[in-house]
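> Sequence:
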Amino acid sequence: MKGVLAPVTLLLCWAFSGARAVEPVTLLHGRFQDFAKGSGQGVAIDADGRLRLAPLPLPLAATGAQRVWDLQVAGKALWIATGDDGQIYHLEQDEEPRLLLDSPEIGIHALADAGNGGIYAGTSPDGIIYHVATDGTVETVARTESRYVWDLAVDDDALLAATGSPARVIRLQDGESTT
0 MKGVLAPVTL
10 LLCWAFSGAR
20 AVEPVTLLHG
30 RFQDFAKGSG
40 QGVAIDADGR
50 LRLAPLPLPL
60 AATGAQRVWD
70 LQVAGKALWI
80 ATGDDGQIYH
90 LEQDEEPRLL
100 LDSPEIGIHA
110 LADAGNGGIY
120 AGTSPDGIIY
130 HVATDGTVET
140 VARTESRYVW
150 DLAVDDDALL
160 AATGSPARVI
170 RLQDGESTT
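In this text, residue positions in the sequence shown follow numbering that gives the first Met the number 0: the first is 0, and each later residue adds one.
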């Protein structure tokens, strides 16, 4: 019996050793469609299908707003423009956000540093531009006669507003506006 057991054991080991063997398979993913069905953690997939490191989303401030349309650093503070309620919050380090503007507008889409600690804010659907100071004082700078103020920029002593419906760029300087 001893003479039969060794060859049978050897035969069984040989028969089952292939069951665990796996041949390597190479998968090549190079298009957006190749990645679209999966889920990525810590990566972003661009339109060309390339993987890139994704930013890590961290909570910044609890405003209760449904949407944040723009952020602007002015001085040592962060200004937060929100939508659906048309509000602007002022956030300083280690503090809770303060509501400084609760406008009648639906959305605040654009912010720009006014250079004096305050900001300019562009709204929709009435296309109004406000100046908001850190103490909460609000002044209407312009009524653009457009439905939307999509972006704002300060150039020397002028404020530039990119508007929509109608689409144009408005230059505001010394109380005058030009397109």
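For the record, the hints were derived by calculation from the structure and aren't laboratory data.
Possibly wrong hints are sitting among the right ones.
[To be verified] Mimicking SDA-like on lysine to any residue, the simulated pairs with C-alpha atoms at most 25 angstroms apart in a straight line are:
| # | residue 1 | residue 2 |
| --- | --- | --- |
| 1 | K75 | L50 |
| 2 | K75 | K36 |
| 3 | K75 | V7 |
| 4 | K75 | T136 |
| 5 | K36 | A60 |
| 6 | K75 | L90 |
| 7 | K75 | T62 |
> All the hints need checking, so say for each whether the structure fits it.
Hint check results:
no. : hint         : result
1   : K75 <-> L50  : violated, 35 angstroms
2   : K75 <-> K36  : violated, 43 angstroms
3   : K75 <-> V7   : violated, 80 angstroms
4   : K75 <-> T136 : holds, 18 angstroms
5   : K36 <-> A60  : violated, 32 angstroms
6   : K75 <-> L90  : holds, 9 angstroms
7   : K75 <-> T62  : holds, 19 angstroms
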